[in-house]
Amino acid sequence: DTAVSQTPKYLVTQMGNDKSIKCEQNLGHDTMYWYKQDSKKFLKIMFSYNNKELIINETVPNRFSPKSPDKAHLNLHINSLELGDSAVYFCASSQTPSGGTGELFFGEGSRLTVL
Amino acid sequence: AQKITQTQPGMFVQEKEAVTLDCTYDTSDPSYGLFWYKQPSSGEMIFLIYQGSYDQQNATEGRYSLNFQKARKSANLVISASQLGDSAMYFCAMRELYGNNRLAFGKGNQVVVIP
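From first to last, the protein sequence lines stand for chains D and H.
Numbering follows the numbering used here, in which position 55 of the first sequence is assigned residue number 55; successive positions increment by one, without gaps.
Numbering follows the numbering used here, in which position 18 of the second sequence is assigned residue number 1018; successive positions increment by one, without gaps.
Derived by calculation from the structure, the hints in this document are not laboratory data.
Keep in mind that a hint or two might mislead.
To be verified - So the derived list for chain H, only partly shown, Cβ under 8 Å to chain D, looks like this:
no.: 1; residue: Y1032
no.: 2; residue: A1088
no.: 3; residue: R1095
no.: 4; residue: G1108
Unchecked claim - Derived DMTMM-like pairs (lysine to aspartate or glutamate); straight-line CA-CA distance at most 25 Å:
no.: 5; chain 1: D; residue 1: K44; chain 2: H; residue 2: E1044
no.: 6; chain 1: D; residue 1: K44; chain 2: H; residue 2: D1029
no.: 7; chain 1: H; residue 1: K1107; chain 2: H; residue 2: D1026
no.: 8; chain 1: D; residue 1: K22; chain 2: H; residue 2: E1044
no.: 9; chain 1: H; residue 1: K1070; chain 2: H; residue 2: D1022
Only a predicted model underlies this, so the values are computations on that prediction, with no experimental measurement involved.
Glycine included, C-beta positions come from ideal geometry on N, C-alpha and C.
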């Protein structure tokens, strides 16, 4: 069973379209994240939810909207896609570190290409 | 400001040799955690090793060890007896006590192991 799964793995779309990426974790973690990895491999946090509550919202355009229906799911919706949105988007989860390391468990990534 | 600094250019390492990947960090939090992740060409993010700021001993996990020098704010990863499968990007990351559980990543080090 995949611990953190995200779909789709690949997404090719035209500028201006709206798309969503779904993420689910079966680890029982209470915190989930979205990271963006650009063409230079730099990983930047976008959002984080703890028990369905938004706790991190970095400087991300309003076109990006996360939604967490429950603590096992964190979806990312992107409106009006732009060329610069092309990247690999990683979902991750972690347990609040209290005695443990609290490392992030990552999904396989979703490669978004905007044409 | 960049909190995690990885400045080494891409590295070529002979199989079976050891390699050290540099990582320096910047924080004023008294409690923090340091992580190393591996990203092979297939794209997944693999957790390697963790060091807590209060840990007295350097962390080790199999062939991975972390050379933690708190006063110098460095957390270098040492990979002993390199294998071809170690070819990957390696990311250093930090979680701060007051950082809402986020992991901030460095820009990564590219390692290529040659036979």
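Report task. Would you mind confirming whether the straight-line C-alpha gap from K22/D to E1044/H stays at or under 25 Å? Result -> Distance ~17 Å between K22/D and E1044/H Cα, so the pair holds.
Query raised in the report: Keeping to a limit of 25 Å between CA atoms, is the pair of K44/D and E1044/H held or broken?
Result: Holds: K44/D and E1044/H sit about 16 Å apart, inside 25 Å.
**Report entry** K1070/H paired with D1022/H [C-alpha distance capped at 25 Å]
**Finding:** 14 Å, holds
Query raised in the report: Does G1108/H pass the interface hint, meaning its C-beta sits closer than 8 Å to a C-beta of chain D?
Result: Since chain D brings a Cβ to about 5 Å from G1108/H, closer than 8 Å, the hint holds.
**Report entry** Status of the hint placing A1088/H at chain D (closest C-beta pair under 8 Å)
**Finding:** Since chain D brings no Cβ nearer than about 11 Å to A1088/H, farther than 8 Å, the hint is violated.
Query raised in the report: Quick one, is the R1095/H hint okay against chain D at 8 Å, beta carbons?
Result: 7 Å, holds
Query raised in the report: Holds or violated: are the alpha carbons of K1107/H and D1026/H at most 25 Å from each other?
Result: 14 Å, holds
Query raised in the report: Do the alpha carbons of K44/D and D1029/H lie within 25 Å of each other, as the hint requires?
Result: Satisfied, since the Cα-Cα distance of roughly 21 Å is no more than 25 Å.
Query - chain D contact restraint on Y1032/H - CB to CB distance below 8 Å - result: 11 Å, violated
Violated hints, in rising order: 1 and 2; the structure is consistent with all others.
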